[in-house]
Amino acid sequence: MKSNTRLVALLSGLGVLLCAAGANSARAQTSHIGNLTGHAAPGSKLYQRYCVGCHGADGDGAGENAPWIDPKPRDFTLAVFKCRSTPTGTLPTDEDVFNAMTRGFVTTNMPQWLPLTRQNRADLVAYIKSFSPKWKTLKPGTPITIPAEPRLTIESILHGRQLYQKMECWKCHGPKGHADGPSAATLTDNKDLPIRPYDFESGSRFMCGVTNQDLYKIFMTGLDGTPMPSFADNLEPAGAWDLVHFLRTLQPFDTPEAALWKAWLASHAGELKPIGPGGGGGGGGGGGR
Amino acid sequence: MVKWFLKGTGGAQWSWFLTGACVAAATVLSGRQPAYTAYSLEVHKRTVIPAFARKYHLPCSACHTAWPELNPFGQAFKDRGYQLGNDRDSPIFQNNAYIPLALRTTPQFHLESTTKQLVDSTPGTSSCCAEKTLTQTGFDLSGIDFLMLGTLYKNVTFGLVPTLDPDGTAGIETAFVRFDNLGNSPWANVKLGKFELDNLLSEKRIILLSNNGGLYQSYHFIPLNDGTNFGLGDNQIGVELMGHSPNSYTRYSLAALTSTDGEAGIGAGSSYDAAFTLSHALDAGSMGVERFGVYAYVGQRPTVFESDSGVPIPGFSVTRKPFYRVGFTGNFSFGNLELLPFLMHASDDKALTGGTQNAIWNAGLLEAHYFVNPQLAFLGRYEAIRMHQQADPTTTPSDQGNIDAFTIGLRRYVFMFSRAGLAMHGEYSLTKTIGNVPLSGDGNGLPPATAGTAVWSSSLLLALDFAF
Chain A
1 MKSNTRLVAL
11 LSGLGVLLCA
21 AGANSARAQT
31 SHIGNLTGHA
41 APGSKLYQRY
51 CVGCHGADGD
61 GAGENAPWID
71 PKPRDFTLAV
81 FKCRSTPTGT
91 LPTDEDVFNA
101 MTRGFVTTNM
111 PQWLPLTRQN
121 RADLVAYIKS
131 FSPKWKTLKP
141 GTPITIPAEP
151 RLTIESILHG
161 RQLYQKMECW
171 KCHGPKGHAD
181 GPSAATLTDN
191 KDLPIRPYDF
201 ESGSRFMCGV
211 TNQDLYKIFM
221 TGLDGTPMPS
231 FADNLEPAGA
241 WDLVHFLRTL
251 QPFDTPEAAL
261 WKAWLASHAG
271 ELKPIGPGGG
281 GGGGGGGGR
Chain B
1 MVKWFLKGTG
11 GAQWSWFLTG
21 ACVAAATVLS
31 GRQPAYTAYS
41 LEVHKRTVIP
51 AFARKYHLPC
61 SACHTAWPEL
71 NPFGQAFKDR
81 GYQLGNDRDS
91 PIFQNNAYIP
101 LALRTTPQFH
111 LESTTKQLVD
121 STPGTSSCCA
131 EKTLTQTGFD
141 LSGIDFLMLG
151 TLYKNVTFGL
161 VPTLDPDGTA
171 GIETAFVRFD
181 NLGNSPWANV
191 KLGKFELDNL
201 LSEKRIILLS
211 NNGGLYQSYH
221 FIPLNDGTNF
231 GLGDNQIGVE
241 LMGHSPNSYT
251 RYSLAALTST
261 DGEAGIGAGS
271 SYDAAFTLSH
281 ALDAGSMGVE
291 RFGVYAYVGQ
301 RPTVFESDSG
311 VPIPGFSVTR
321 KPFYRVGFTG
331 NFSFGNLELL
341 PFLMHASDDK
351 ALTGGTQNAI
361 WNAGLLEAHY
371 FVNPQLAFLG
381 RYEAIRMHQQ
391 ADPTTTPSDQ
401 GNIDAFTIGL
411 RRYVFMFSRA
421 GLAMHGEYSL
431 TKTIGNVPLS
441 GDGNGLPPAT
451 AGTAVWSSSL
461 LLALDFAF
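So the protein sequences, as listed, match chains A and B.
262 is the number that my numbering gives to position 262 of the first sequence; each next residue is one higher, with no gaps.
462 is the number that my numbering gives to position 462 of the second sequence; each next residue is one higher, with no gaps.
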């Protein structure tokens, strides 16, 4: 009987060891950022220092500060990320996660971790990847191709405006980009938590970058986990750039797009059809390129 | 081995033993660090200056190597004007109940002992004089800091730190307004008021706390008979232009300051000091961030005032004489080990010292922190000050005023989360001062009877350091 007890104990112990070996393989995750290789082991220490308060010890976004944070911290166990260079529904590249961590998320509690060394951030990416088995079984998507930005013209902006109407961007972002579309108040994320659309008029940076290329990428890859879909199947690259140019006019900045738009509006404002239900969004002869 | 194991006795105990050993092995193999495992078993782990932690819901260890010392992320946060730069820094985004206030104090037991103190040979009589080691022990309090810092609006930062000494004396440690990111550039930030100089080695964030170890001797050293009222670690009143790169790896500051060593009022009379710092950090990969910098402080103090019937009129100086402090400082990380070197070359004009030539001295220190994890730190420091030139070499021994100071400490953060912090602190500090009053200690404040004699002063501190 005693021998049996010990045998059970030995086997159970070996079982624990085997489980540990499995866990170890997950924790042995790496990341590759340019010529840097990040490792999960040092990343775990950094995670305890910087991230655990919000994202939780298990990476499930349930850290002790999570109840007080809006929007909620990312749940790494789902391996769903907003800011990617890869198509919707796919895993981001390591560099995507690295860039998001470096950039932070404006209007949220996620700060820019730029002061950490690049190696530290690469290690953190490796550790974050250890929270979901998806990183073991799936490969990141292939980054989308972003063609060179075409020359800015008023026709491009006007066509972008038509697309804003046609793609029903206004339903969430509002006719003037003030985040007050008819659907804005009902939006929820993949955890059924309320979420607000981007308010172009606020002047805040975009969450996933500040350049026109970043803006292009946002609506061509979608923000997974949010109601913001990918328009890659609905927009040609040229049209996507037109939309970028129009969206820039909604922001309160002195951009080339805004300057061109204001100059055109000064003499053509009356030609515009309103954006919104039944609106045409076009006008000014800018229906095509 | 297995056969021996199966033949043994006490199966249930062995079962528990083996399972426990395997779980321990599993923990190790799974790559979870001790701190991580501890986190899973306990509840809270992190600490920081709580006002910001409450505002931003970040663990305190995000900004501090071990509070109150800043890490590179905390330095960048401070440089941005205590802002994350997430478009939610303005207080309009805060819950109405939020108040940017944190309190810090340190109840403690401490021992202070100083040798060569002049006392009456028979207590209670005027039977001068004997030298004696004076020792005091007891439970005590530190002062209380009311730390109020934050934003008035986006890119408008404020700081207000009233203090209360244990005897009830109130003071204003800090009071400033800062305009951040002028012209949308991190390179231009202007601060006006009373504030700490942009010292890379901050005495306001010093991690050693005892009477002898809780200050940098180099920051406050003044040669014997030198009346210059200046401490590099003292908060000063003036205006500062400061700038930094987006990650704060490169930083500079320029400040114009009233020549009062931070005392309110313009008692020095149209006299200004200037401070300059410049530092740059390198990304050293997994080692961390390696920062090195230079600093200079040039000031003047009045020596002759306008007078009325021969009585000086304070605030209306006629003649002022200069002093300066220049040097190098660094902050180097080697994984869990942090080294903080500091070097200073200093001079006070002979008119300030009452001597026949300028007083010149050199100082340096090396402070080491070893962070076992964010909750346990071993601390040590060695500091030395050497007189290079005495103001009055004919009557003053060449080593008069030299200091050697040693400090070791241990700091254990009982818990760490983003609302409050409590640290258990143990520290021992020993200072040798040649022929002068120790800068701290039991505060008897008497130099030894014989010039050039060494005075030893020691502090033992056992404390609970908390902030909320």
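No lab work stands behind these hints: they were computed from the structure.
Errors might be hidden in some of the hints.
Sample of chain A residues at the chain B side, in silico, Cβ under 7 Å [claimed, not checked]:
id, residue
1, Tyr50
2, Thr102
3, Val106
4, Leu114
Each computed DSS-like pair below joins lysine-lysine, with the alpha-carbon atoms no more than 27 Å apart [said to hold, decoys possible]:
id, chain 1, residue 1, chain 2, residue 2
5, A, Lys72, B, Lys154
6, A, Lys176, B, Lys154
7, A, Lys72, B, Lys321
We treat Cβ as the ideally placed atom computed from N, Cα and C, and that holds for glycine.
Hints, one by one, checked against the model:
1. Look at A/Tyr50: its Cβ gets to within about 5 Å of chain B, closer than 7 Å, so that hint holds up.
2. A distance limit of 7 Å between C-beta atoms decides the matter here; for A/Thr102 the minimum to chain B is near 9 Å, and the interface restraint is violated.
3. Because the closest C-beta pair between A/Val106 and chain B is about 5 Å apart, less than 7 Å, the hint holds.
4. A hinted interface residue such as A/Leu114 counts as satisfied when its beta carbon comes closer than 7 Å to some beta carbon of chain B; here the least separation is about 4 Å, so the hint holds.
5. A distance of roughly 23 Å separates the Cα atoms of A/Lys72 and B/Lys154; the hinted pair therefore holds under the 27 Å criterion.
6. A hinted pair counts as satisfied when its Cα atoms are at most 27 Å apart, and A/Lys176 with B/Lys154 qualifies at roughly 25 Å.
7. Restraint check: the Cα-Cα separation between A/Lys72 and B/Lys321 comes to about 59 Å, which exceeds 27 Å; the hinted pair is violated.
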